[in-house]
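Participant: Spelled out, the chains give:
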Amino acid sequence: MVCLVTFSVFRGSIQIFSYEGVIGFLTGTDWNAVEGRESFGALPYIVGTLASSAIAMVIGVPISLGIATFVSEMSPPRLAAPISFVIELLAAVPSIIYGLWALFVFRFWIRDLIEMPLYNAFHGSLPIFAKYPFGLDLFTAGIVLAIMIIPIISSICREVMRVVPNSQREAAYSLGATRWEAVRIAVFPYAKAGILGAAILGLGRAVGETILVTLVIGNVIGIAAIPTTLFSQSQTLSSLIANEFNEASSDLHLSALIGLGAVLLILTMIINIGARLLVRKMVKVPTGEKGRR
Amino acid sequence: MTVEEVMREEEAAVAGPIETTDRYKVVIKEINAWFGRKQALKNINLNIKDKSVTAFIGPSGCGKTTLIRCLNRMHEMTPNARVDGQVLVDGADIYDKSIDPVVVKRRVGMVFQKPNPFPTMSISDNVAAGLKLNGIKDKNLIAEVVEESLKGAALWEEVRTELEKPGMSLSGGQQQRLCIARALAMQPEVLLMDEPTSALDPLASSKIEELVRSLKEHVTIVIVTHNMQQAARVSDFTAFMYLGEMIEYGATSQIFKNPEKELTERYISGKFG
Chain A
1 MVCLVTFSVF
11 RGSIQIFSYE
21 GVIGFLTGTD
31 WNAVEGRESF
41 GALPYIVGTL
51 ASSAIAMVIG
61 VPISLGIATF
71 VSEMSPPRLA
81 APISFVIELL
91 AAVPSIIYGL
101 WALFVFRFWI
111 RDLIEMPLYN
121 AFHGSLPIFA
131 KYPFGLDLFT
141 AGIVLAIMII
151 PIISSICREV
161 MRVVPNSQRE
171 AAYSLGATRW
181 EAVRIAVFPY
191 AKAGILGAAI
201 LGLGRAVGET
211 ILVTLVIGNV
221 IGIAAIPTTL
231 FSQSQTLSSL
241 IANEFNEASS
251 DLHLSALIGL
261 GAVLLILTMI
271 INIGARLLVR
281 KMVKVPTGEK
291 GRR
Chain B
1 MTVEEVMREE
11 EAAVAGPIET
21 TDRYKVVIKE
31 INAWFGRKQA
41 LKNINLNIKD
51 KSVTAFIGPS
61 GCGKTTLIRC
71 LNRMHEMTPN
81 ARVDGQVLVD
91 GADIYDKSID
101 PVVVKRRVGM
111 VFQKPNPFPT
121 MSISDNVAAG
131 LKLNGIKDKN
141 LIAEVVEESL
151 KGAALWEEVR
161 TELEKPGMSL
171 SGGQQQRLCI
181 ARALAMQPEV
191 LLMDEPTSAL
201 DPLASSKIEE
211 LVRSLKEHVT
221 IVIVTHNMQQ
231 AARVSDFTAF
241 MYLGEMIEYG
251 ATSQIFKNPE
261 KELTERYISG
271 KFG
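These protein sequence lines map, in sequence, to chains A and B.
All letters in the first sequence, in the order written, are residues 1 to 293 by this note's numbering.
All letters in the second sequence, in the order written, are residues 1 to 273 by this note's numbering.
Just chain A, same shape as in the assembly:
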């Protein structure tokens, strides 16, 4: 199945790769589908994809870990069950719902409560805040992506932390660890592999997410889609495909869009393989002992 998909995607993109050259397509910044003046470059959307996912991870992973830690280690059981239930419910909400909510409601909150204050405080001193915020931009996309992946990452992290054997916690307590110290020296290290795995799963979702991003990222094309500030409009690989697929005017245009798909496919593979290597390098997998469930 994977081979079939990969094969189709690459066959569809042969035309664009031979027209622009592989390097040319990857590093090009123009995007012009007008007949006779065709020029297609994927670089801005690669950057947009990586940037929006990075923002989502930076915001989403710590919050997810916090939620998981609270539910699994800190909260009284009476509180843990309903919180877990709500989080799992949120994980099941389709991304278009998050996207619509972000488009009609949440982006104004982000603009007024986060972006404007940051802009007012730092637009002179920090280049990443230098653009007057509009609400439909890279930052909004990153935050909404974070909101989308938090339920997934936190529910997996919670499961991973729950199977840490109680004897590990007690070992820490018996050395005079506080509840938080026990989490830090006994639970986190034991659960590290699983936590990283959860983060990678979240990253995969964020990189590939289409419709939600399309609704809030501003959808600019060409060189303008390379974000110069946090509040710039941008575009991701998948959002551009979604935006233009319906109205692809020529075979070459269509092939360029499929080419973006090929790039996205490779990008996700690189991220996954890289992450797997990272996990293998960082984690000595604990053996023995059953969890407390």
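Keep in mind that the hints were calculated from the coordinates and are not lab data.
No false leads were slipped in.
In silico lysine to aspartate or glutamate, DMTMM-like type, Cα no more than 25 Å apart, as pairs:
hint	chain 1	residue 1	chain 2	residue 2
1	B	Lys207	B	Asp125
2	B	Lys132	A	Glu73
3	B	Lys165	A	Glu181
4	B	Lys114	A	Glu159
5	A	Lys281	B	Glu162
Given the coordinates of chain A, work out where chain B should sit on it, guided by the hints.
Facilitator: Positioned in the frame of chain A, the structure of chain B alone reads:
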């Protein structure tokens, strides 16, 4: 039997002078403990002598593990578990409101049924874990304490060249001695051992027993065991528990040779349990 009577018995048994309560390292006073609504310990009174080994024996579910876990305030960490009563360590009640349970655990160390080294830490980091929690950063001091503790746990000779290897690379018995070293690094005054050999083979068990006998020169040891022979081999005093009650307590030789209570006699001779 009242506390005083038990004390007198015990003193008679070791033929020492009558001592007052403040000469005891640990004094357990009217401890009751519950899991939810189920009462696990019923009005336990017991005095534990300094630098001695005291064994808790009894059939499964008799409350011996619960009792040992009351001595460092570990019992109350279990959800819905509750304790009532006093445990005096050097005359000060560890259940006093002004006492931080975290500090209690630093003075009263614990070793568990199954070896539980931290799997992602090296051997030396495992031993140093408690020191680091206490904010000790001096590398020389840490190295010194690690060596001392590993020597104290009779593990130093076996691991001195591989301190940076993961703790999980050791055998089960070595892991348990690593856990003992980890507890010793805190320089506890009392060391609680909850069936420390139940997951080990006989050879590893006998090493731990040997260790227990040598450790009592420096630290007061309370050991829970399923194994009566083990209690007889390592302990100076033995407490027999049944269904959450302290049935009999005295010098080990007396408990095993001529127990007062019929129940104790029957348990010792293997008629139930």
